[in-house]
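*Asks:* Here are the chains, one letter per residue:
There are 2 protein chains.
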Amino acid sequence: MKAWQDYISQHGDRFVEELSELLRIPSISTDTAHKQDVQRCAELVKQYLEQAGAGKVQIFPTAGHPVVYAEKHVSDQLPTVLVYGHYDVQPADPLSLWHHDPFDPIIRDGRIYARGASDDKGQFFMHVKALEIMTRTQTLPVNLKFIIEGEEEIGSKHLTTFVQEHSDMLKCDVVLVSDTALISLQQPSIDVGVRGLAYVQVEVTGPDHDLHSGVYGGAVPNPATILCQMIAQLHDADHRVHIPGFYDDVEEIPAEERALLAKAPFDPEQFKRETGVRDFWGEKGYTVRERIGIRPTLEINGIWSGYTGEGAKTVLPSKAYAKISCRLVPHQDHQQITQLLGDHLKKIAPSCVQVEVKPLHGGDPYVLPISHPAYRAAARAMQATLGKEPVPVRGGGSIPITSVFLKTLGVHTVFLGFGLDDDCLHAPNEKFDLANFFKGIETIPYFHRFFAEENLKS
Amino acid sequence: MKAWQDYISQHGDRFVEELSELLRIPSISTDTAHKQDVQRCAELVKQYLEQAGAGKVQIFPTAGHPVVYAEKHVSDQLPTVLVYGHYDVQPADPLSLWHHDPFDPIIRDGRIYARGASDDKGQFFMHVKALEIMTRTQTLPVNLKFIIEGEEEIGSKHLTTFVQEHSDMLKCDVVLVSDTALISLQQPSIDVGVRGLAYVQVEVTGPDHDLHSGVYGGAVPNPATILCQMIAQLHDADHRVHIPGFYDDVEEIPAEERALLAKAPFDPEQFKRETGVRDFWGEKGYTVRERIGIRPTLEINGIWSGYTGEGAKTVLPSKAYAKISCRLVPHQDHQQITQLLGDHLKKIAPSCVQVEVKPLHGGDPYVLPISHPAYRAAARAMQATLGKEPVPVRGGGSIPITSVFLKTLGVHTVFLGFGLDDDCLHAPNEKFDLANFFKGIETIPYFHRFFAEENLKS
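Those protein sequence lines, which keep their order, are chains A and B. If you count the first sequence from 1, position 203 lands on 203 in UniProt numbering, and the numbers rise without skipping. If you count the second sequence from 1, position 314 lands on 314 in UniProt numbering, and the numbers rise without skipping.
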């Protein structure tokens, strides 16, 4: 619609400046040292929602980081869309690999670079700006609610309770989330599934203090060696996860659906360039996209033990640690997989070491049926602004709160993501293409219009 | 001898104060940030040697850290003993596990606690004080030379060249080293062998930057997972090192010699208490002492990859690193083993990752025949001050320079160590028992006296 486009043209520079303000706050939820920054970020989100025209904006404290809630009620006759996003970000380390300060955004070649640019400050902010446009142009066709949380990167722990306790306030017809990627603006796509997550930290203890590797080496259990041996047993030769029971609840996707998902274009050389790998790796019998979308995985996210500084130190370490996470697919249960993984690690450890496993994070997988009115509305909105019908894809990431929305509020979630796979989420030099940012802002009002229509039809 | 004992009684407190001064200098050779401290430490060693009565003391710069050299010539008719020691120390981390500042020595329960207390400042300083005693009491029965280096903890890299270039100056009949442990003052022992060392750092690269473990997990090689799989292949089920050719040059010790070495008392429960392990670990078919003394080993000294901070970060790391070292026994060659290890790591890595191996440190194993006059002199000296004949043992640590002395100067090395196995070398809360310190100072003059006698006999 021309009014929307005109508004974006006139105010686009300000939108980017406002986003930059958000990105300047290091709202790292996992690091307690940044607690005040997280709070400060929540306050800025509240201020932006008020400026955009939300009628009622409130910061709800939780046992962890606060939730920002907003409402814009138009009419009881209209459907209600709940926009979900998160203003917290991942840690920025390793800092040395960033080309610039991750919390001092820069714009280069039409992209804004900063931690959180795409995940998720840049993306949820599209909804704030879309609200502003619809309010100023008096074109808001639905009732809108916003829930922007500060703990997505640490498992949305307190949001689950919050949703349960405020299920009346959050009542809605669908949840709308921009926290995923599309293939490209030329080849739009919609994630219809996100994987679940089971994330643990394992600690292996050999001797009760660090020893000299000469004086004791060869006669006492080295926890680093043993942790490596344990981790090596977690995949078989076909790169399948080798934990008894792990695949028991995995939905086998029928051949027709695999064929449909295979329609999303995939360029293996482009994928190699994007990741910088020499070759692929993964479960035998599945394509690269399938390994990411419809199959569960197990990854080492971190490992550390002994001396990691410059030069040589002949230490035989007392402890070795690893952070291990599984991505889950329907119908795996994250609590059950966490338990399986922890029990298995303890079972395969030799008796000469002590093993502790601490669950850190978890969430269930989620899939949106493509027959849902919200999917149809999203597909039509992308068609309207990008000129091409999007393809459905299964995303590899996790947004665990979606399964909570389904269970607690009884509503589905639609992902209207405008990130790109090369946005470097959770990695150095995270960026968000400004073209995507503006296309996202333009597409969102269409979604609301078509959702109101589809909802009337169904 | 009473004169020696009296001198120690009168000056013992000062000896401990002087040692404390040495321990206050963080002469960490592996860390370039401490280069000035290493230099400062060399200067203090020089000053102490001059005060003790050495005639000629000199600091020799090298391409790395300096060597302190001293001489006390008595007579051309007497044999010459070259005392070797090192004033550099290991890094002190993890600092959080120290009960106090590692470079602010404290004395508690008759022990001095500090980094370097036993390895090797406290031990080489016994020789400085023994020189002082023999000079002051005019009882020095040999010519003495000292070579106290600053790079032992990083492989004595430049000392090899130094010894080669100054072989005339260093001419001697035997090398005497206190840088090992005895079983106890009640059960003296002498190390007749030290293991060699081959120490490398391995770097495995998967993607060329850190990736989001959801967006890419399951489809690209995770270098942490793969490094663990590689490390897991380095030992077989019997805990033997599983590298083709690794054992080819290992001397099989005859049954009689194994029986002799087995005479050294060993208390398994004491060993478990000392190390805090639940159970032993090691090569099948060998006792705990044999695993440490006569068998080669492979240990992980450090490993790191990905996110190692607080909480959960869903990163798929670009790189994974490990520090891996082998302890070697006669007749393994450290350069050959370094090559074998590096080649093997590259060979077992899957082609989807890149592997680099950097040698960090190395040295050959060394064994002193117990028929050597210096061994007999050391045994008699211990008998004189400790009242019991020492047993020969094979130590697990490495003092690579000994094989250089044998090759370059044509002389053997005798180890007159007064540390204890629970000194926490290379670990937090390193200590040296002052009773051992004083017994060492008392024993050293006996060694020189008996060596002069044994040398005349042989």
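A portion of the hints provided could be inaccurate.
Which copy? The list can't say, so a pair holds if one copy fits it or any two copies do.
[As the list claims (entries may be wrong)] Here are the computed lysine to aspartate or glutamate pairs in the EDC-like style, where the Cα-Cα straight-line distance is at most 16 Å:
no.: 1; residue 1: 263; residue 2: 283
no.: 2; residue 1: 347; residue 2: 208
no.: 3; residue 1: 358; residue 2: 310
no.: 4; residue 1: 272; residue 2: 208
no.: 5; residue 1: 358; residue 2: 101
no.: 6; residue 1: 407; residue 2: 165
no.: 7; residue 1: 56; residue 2: 422
In short, the hints are calculated from the structure, not lab data.
*Asks:* Please name the hints from earlier in the document that this structure breaks, with their numbers sorted from lowest to highest.
*Replies:* The structure breaks hints 1, 2, 5 and 7; every other hint is satisfied.
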